[in-house]
Every structure is written in C-alpha cells, then in structure tokens.
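Asks: Chains A and B are the protein sequences, given in the same order. Heads up, the final residue of the first sequence is numbered 398 in my numbering, and it's a clean run with no missing numbers. Heads up, the final residue of the second sequence is numbered 1398 in my numbering, and it's a clean run with no missing numbers.
Worth flagging that the hints you see were computed from the coordinates, not collected in a lab. Where hints are given, some of them may not hold.
[Said to hold, decoys possible] Label pairs and their calculated CB-CB ranges:
#, chain 1, residue 1, chain 2, residue 2, range
1, A, Asp85, B, Glu1050, 40 to 46 angstroms
2, A, Asp329, B, Ala1223, 36 to 42 angstroms
3, A, Lys193, B, Arg1189, 57 to 63 angstroms
4, B, Thr1056, A, Gln224, 45 to 51 angstroms
5, A, Glu144, B, Glu1050, 55 to 61 angstroms
6, B, Lys1182, A, Tyr78, 57 to 63 angstroms
7, B, Ser1280, A, Asp41, 28 to 34 angstroms
[As the list claims (entries may be wrong)] Keeping only pairs whose Cα atoms sit at most 25 angstroms apart, straight-line, the calculated BS3-like set for lysine-lysine is:
#, chain 1, residue 1, chain 2, residue 2
8, B, Lys1017, B, Lys1031
9, B, Lys1046, A, Lys54
10, B, Lys1017, B, Lys1030
11, A, Lys46, B, Lys1054
12, A, Lys324, A, Lys383
13, A, Lys294, A, Lys324
14, A, Lys182, A, Lys157
15, B, Lys1306, B, Lys1383
16, A, Lys17, A, Lys137
17, B, Lys1251, B, Lys1295
18, A, Lys17, B, Lys1073
19, A, Lys54, B, Lys1054
20, B, Lys1017, A, Lys73
21, B, Lys1301, B, Lys1288
22, A, Lys46, B, Lys1046
23, B, Lys1251, A, Lys17
24, B, Lys1017, A, Lys251
[What the hints assert, rightly or not] Pulled a few chain B residues facing chain A out of the computed Cβ check, cut under 8 angstroms:
#, residue
25, Gln1008
26, Thr1059
27, Asn1225
Keep in mind that this is a model prediction, so the values were computed, not measured. Even for Gly, the Cβ is constructed at its ideal location relative to N, Cα and C.
Protein chains: 2
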Amino acid sequence: MSLSARIQAMSESPIRKLTPFAQAAEAQGKKVYHLNIGQPDVPTPKVFMEQVRKFTEPTLAYGNSHGEEVLLKAIRKYYLGLGMDYALEDIYVTNGASEALGFAILAICDPGDELLIFEPFYSNYSSMAQMYNVQLKAIATSPENDYRLPGEEVIEKAITPKTKALLLNNPGNPAGTIFTRKEMEMLVRIALKHDLMIIADESYREYVFSGSMISFGTYPELAQNLVITDTVSKRFSACGARIGYLLTKNKELCQQILKCCQSRLCCPMLEQYGAAALYSTPPEYLAKVNAEYKKRSETLKEELAKIPGLQFSKPCGAFYVMVKLPVDDAESFATWLLEHFDLDGDTVMIAPGAGFYLTPGKGVDEARLAYVINCQALRRAIKILGAGLQAYPGYKLK
Amino acid sequence: MSLSARIQAMSESPIRKLTPFAQAAEAQGKKVYHLNIGQPDVPTPKVFMEQVRKFTEPTLAYGNSHGEEVLLKAIRKYYLGLGMDYALEDIYVTNGASEALGFAILAICDPGDELLIFEPFYSNYSSMAQMYNVQLKAIATSPENDYRLPGEEVIEKAITPKTKALLLNNPGNPAGTIFTRKEMEMLVRIALKHDLMIIADESYREYVFSGSMISFGTYPELAQNLVITDTVSKRFSACGARIGYLLTKNKELCQQILKCCQSRLCCPMLEQYGAAALYSTPPEYLAKVNAEYKKRSETLKEELAKIPGLQFSKPCGAFYVMVKLPVDDAESFATWLLEHFDLDGDTVMIAPGAGFYLTPGKGVDEARLAYVINCQALRRAIKILGAGLQAYPGYKLK
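With the hints as extra help, turn the sequences into a complete structure.
Replies: In structure tokens:
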C-alpha cells in the first residue's frame, strides 16, 4: 500500500521542520530565540476571552456553515471602515486564512491548472497547491533587486492557457515587501486583460512600517476577479483562534465556496464569538502594536547592518525579512545554530530560505526572520546570529 | 473566468440545502422540528466551558500542528480504555472529523484513484472526495435488505487497480446500521487480501442501541492498513467545538499527515483544552446519554410504524434512520413540508435521501431522520410527518 504521490511531494514546513532540533536545544537548557515563526508576543486583546467566557448555552451546537452573523457583521464593519463594502453574503468564515486559501484554490483551479506566484512566497502556498494538484508557477524576484516585482512583460510571459489566478501576499511574507501603487495597477491590469482571478492574502494589512498598503479590494473594476483572504491571527495576536475568512463579490464563487463550507459543517463557535469581539478593539490598539513593530523593524535593520556579508530585504511590512547569509546552505547553518552553537547559553532559530522558493536551488543561502519579539530580545537574537556566523565552520568571510 | 469543474460538480449538502425554506417557515412563525441534522439537544458536559474559562495566557498563540499534548493524552487514554493502544504520535488532532477524513483521503489517493463506499453513505464523503478528485465507487445496500452489506464476492468485484481504500462509517450514518462481527471480519479480510486501507469513521461509537459495535482498531493484523477518524462532536454533544482526530499506526502515513497538519498550522486552542476536559467526563455521562437515545430509538420505531406505506431501517446506532417514503420525490415532499404544510403551526424538516447516494436515481423516495430531540418532541415530529404525508398531493396511498 503506497501513499499518494501528491502527499509525498508535499514539502515539510520550513518554519516548523527544525522544531525537533529546537526542542532538543531547549531540553539541554539552551534559551532559543524564535525568529522562525510569525507568532507575535503581543497580548491578545482581553475582549476575546471576556466574550468567550460569556458563552452560557447548555449545548455547544453547530453554527452556520457560512459563519456566525455576529462575526460576519464585525468583519463587514471593519472593511467598511477601510472603504470596502462587502455584504454579509460576500464573507465566509474559515479555519484560519489557510482554509480560505485552500477553498479559493479548489474553487478556481482543477488539477493541472496553474497559479502564478512571486518567489519567495509563503511556504504553505505550495503545500495547499499540492494538496489540490494545482501547479504553482513562480516568477522570480531577488535579494539583489530588494524583491521588487519584475516588469509587466515578464509576468505576462508566464501566463499560459492553464493559468487561472495570481496568488499574492501583500504585505509580503517572507520578504516584508509592500506593492507600490504602480505595481498594484500593473497586477490589476494583467488580471483583467487575461481574465485571471487575484487571490489576495492581505493578512498583514495592518503591519506597514514604510510606505502605504493599498488593498486590491479598492479597485472596483477588479471586483469579479478578486478573492481576499484575511485572518484575526496576526492583526489581533490571536493565532491560536484559527479564525480566518474569505471575501469576494463574485456571486458564482460565493455559491461554490458555500458548498466547501458546508462540507466541513462550521468553524469553531467559541473562537468565532471571541473573534467578533476583537473587532471592537479600539483603533489605538492597532496603532500601538504597529508602532511597536515599526520600532522593531528599525532595531532589526540596525542590528542586521552590523553583520558582515549579510544582505537583507527592506522590512516594509508584515514583520518578516529575508536575509541572504554568507554561507552555502542556510538549513545546515540553522540546524548547526540549534545543535552546536550558543552564546552564553543562548541560541537562535531561523527559517531556512529554500522552502520559500519553488525553483530548486534558489534561496538555499537565505533565511526568513520574523521580528515578533521585543526590541531588547531582538538585539540579542541578531547578535547571536552574527556571532553564530563568525563561529560557523562554513562562514564564507573567514 | 470559469470556476473549477470539480467545485461545480460538488453537490450541496442534503442536510443543509433546505435551510432557507426552514428559515422562511420559522420567519412565518411556524415551529420547525429539525430531524434533518445530527445536532444533539443533549447538554455539553460543563467541564468543557470550565476548562475554557481557565485559559489565562496573555497571548492566544499557535499550538502544536500535531495537537495539544493534553488532548492527545486524553484521547490515548480513552482508546486504551477500549483496549486499543495508540501512542501519542499515532494521534493527530483535526478541525472536526471532516478534516481528518480529508487528510486521510488526500494522503492515500491521487486524483482518479478510487474509494469504495457502501451507499447510502454520509453525504459529505462525496464532497470530500470531489475536492481531492478522488472517485467514490458505491456498492449498493438497500432498504429491502435493511441496508446490510452484500457478500464478499460483490465487494471484491468492485475492486480495481485504482482502488486504494474502503471508506466505512460504523455505526452508520445515515441508516443507523452496525457491522456484525461477520461483516467486520469480511471487511478486514478484503482489505488485507487486496492491500487496501480502511478509513473507519467511528464517530458514533458510543451510540449503540441494538447489538454491539466492534472497532476496526481491535484487529491487530489490520494495523498498517487502518486509519480511524473520530470526534468529540456527537460523543460529548460538542459539535460546535470542531475537534476531531485521526489515529493510525502506519508510521509512513503519520509522517505524511503531519505535513498536512503543518500546512494549516494548528487547530483552535481553546476548543482543544475544552475537548481534553471532556474526556474526564465520568462514564455515567455516556451511559445516561446512550440510555436516552435508546429510548428515543424505541419511540421512533413505535411512531414510524404507525405511518402507512413508510419503511424504515432498524435504528441500531448513530441516532439516524433512513425512511422510504410513499412519495415519488422526497426532496419535493421535504420542501413542501416547510413551505406549505403545518399541523397546528408546527412542521418538520427532514434530509432528502438522494444526497446520501452516489448512483443517480437512488434514494429519491428516501429521507434521513436524526432522532436528536427528546421523546415527546420526537413523537410530535413523527406525527407531523405522518399527517404531512396524508395531506401531501403526491402521497401514493391516496
């Protein structure tokens, strides 16, 4: 009995694959600074648990497949505040943004269809595409060009009759890039010209530290070709709630997404009530969190600039940066940091870059850093990274 | 821009598709008895919310992709109590049993591969198979033969080189059947002979009102060919928690399932803590609930027997029965009950049978009833069903 080819082709998460080494290091008494995972240290607004604790129904019953109305209304209001008018029936609550992305891929693509992405990209996009036998087709961006988009002709050249959508993450994980207005307009133009869908993962919308972020939802001409995926995970530091959602004004797509929702009955109820309450958080919360991340991004830049031979993307948003390391293989280096290195008992965990690329051989000397720890811890973590490089047998500047 | 063929081929849930009619009836002031959905009215054990309320971490962070240890340990202990020894690393927490089934299908089958099922079957199996482009191949059981399994040669004849697994639900939704020891042994023998996996959905294990239920997990020779899916939804009347899980001793499969788990990061945290606490519920809880359902199954039989021209499956377990109605089209009748009928202001909602069959034309005069309401309400609901039939223009015994 052999397992499916598609499951065997799925790669392990670059964010989580080194976890056993981190656990072993921690078991040895080392302190590990986790820059590998986008798990913010920011407290979840208290309204979340306050709302959850209020649940007194005797039976925790199934809810709407579509999503609980209180949450749908909260999401609608939040989007109205951003100038986007989504009706309740245009919004579908999902098990994290992951499920929203999965439903969008499944509804738009048949096996063998193609999705265009810019690499590096959020590694789980590739797992989701593989689950549904959809081909990702990667268009390169590079550390040398600060991960900016290529020209229109390069993108159009990648489009084939099998291309169904552009899968875009803005602000971007892992490189922290934000599309400029010119880039946005180009992407909208391409989607309309070739009648492609845009699947826009805007989970990091509130984390903008340089420039400004424009939502694809603000282009009315794109309405029928757009799916936005979003989540409370990062916005409200509630990753463990697993409450995401999908928005689209394409009614035909809505009808199909509802079938997907029905097939798994509903999303967790308590977490939906909590998530709805999160949207009553006063705007000062997000402003304060944003200011904190901006400070972290500055600290990060300052500290990374001190490391000889290390290049890094401009941390514009989404609390991630890609770094190009002066080593041959970032995964070996990341493993070595956990297994064989410490600075006064401390080490650091980073996510190897190759997992954020589709093209074999790309990103092998890169890594993603999530700056989700406070400035002091961040300074310490980057100092450890620098010291680790100096001590690493494979350090190229030796 | 056309949507995918696979999503368009997905059928709407027969359990939920008439919901708009029910809502309209309720808006008109009608009381609707819901026999369409397996949503128990039994209270969720209080320990669930007690445990949830204890959560005081400042940040609701991501958990283990695999599942929280406290829940894994609770599940392990529950299975040990049933004589099945699953290690923690053989258990994977999922978003409901639905996700467990999806992961199992995805990990075992490539597009075009076949899964054998007995029809009628739980309708969402078909949605899940369609999502992953897997072909369900149905083997008939019939109301005339009380939905018992056919002989070994009939099942073996359906096996092709593309057959990867048998997808089995025991106790069975929608017909309330329970496999006999002889049937179990036959299924195990077939799986081993043809090296097929058995995906055993044993969500209703505790709901047995006649005969006894044997788990596929008690056949040691089947260990490498078995995946069990399970959930707290029905067992503890916690459907809204969406906490399911998957168990397998096949290490290769475990490794692949972990990748699926990582691709969606983790399951909702609060609900996992609550679910773990559910397993500390004293055994008297399940015994009491079981006794209540047994009473309901007796009431149901008694009342259904009074309706002329109606045949029904023996309600052995899983709080469902299939009924064969003296009408041409059960969906038209079910819709009519909601739109045009009431008995002193009350009506009843049932799930049309065709959605539980794969073979076109089958089950059109059948419906599934979930006996998840108390005996008094159940008597009333079945009385309404009988009166509805008498009044229905398409009633065949007129």
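Asks: Look at the Cβ atoms of Glu144(A) and Glu1050(B) and judge whether their distance stays inside 55 to 61 angstroms.
Replies: Distance hint for Glu144(A), Glu1050(B) holds at roughly 57 angstroms.
Asks: Compare the distance between the alpha carbons of Lys294(A) and Lys324(A) with 25 angstroms, and conclude whether the hinted pair is satisfied.
Replies: Holds, at roughly 22 angstroms.
Asks: Please work out if Lys1306(B) and Lys1383(B) have their alpha carbons no farther apart than 25 angstroms.
Replies: Holds. Lys1306(B) to Lys1383(B) sits at ~9 angstroms (cutoff 25 angstroms).
Asks: Between the alpha carbons of Lys1017(B) and Lys1030(B), is the straight-line distance 25 angstroms or under?
Replies: holds, 19 angstroms
Asks: Would the hint linking Lys1251(B) and Lys1295(B) be met if the CA-CA limit is 25 angstroms?
Replies: Distance ~42 angstroms between Lys1251(B) and Lys1295(B) Cα, so the pair is violated.
Asks: Has the given pair, Lys46(A) with Lys1046(B), been kept, meaning a C-alpha gap of at most 25 angstroms?
Replies: Given pair Lys46(A), Lys1046(B) holds - Cα atoms ~23 angstroms apart, limit 25 angstroms.
Asks: Assess, step by step, whether the Cα of Lys17(A) is no farther than 25 angstroms from the Cα of Lys1073(B), and give holds or violated.
Replies: Answer holds: Lys17(A) to Lys1073(B) is near 23 angstroms, not above 25 angstroms.
Asks: Is 36 to 42 angstroms right for how far apart the beta carbons of Asp329(A) and Ala1223(B) are?
Replies: holds, 39 angstroms
Asks: Starting from Lys1017(B), check that the Cα of Lys1031(B) is at most 25 angstroms away, please.
Replies: Status holds; Cα separation ~19 angstroms.
Asks: Does the hinted range 45 to 51 angstroms hold for Thr1056(B) and Gln224(A) at CB?
Replies: holds, 46 angstroms
Asks: Range first: 57 to 63 angstroms. Now tell me if the beta carbons of Lys1182(B) and Tyr78(A) are that far apart.
Replies: holds, 58 angstroms
Asks: Can you tell me whether the CB distance of Ser1280(B) to Asp41(A) sits inside 28 to 34 angstroms?
Replies: Given a distance of about 32 angstroms, which is inside 28 to 34 angstroms, the answer is holds.
Comparing the model with each numbered hint stated earlier shows that hint 17 is the single one that does not hold.
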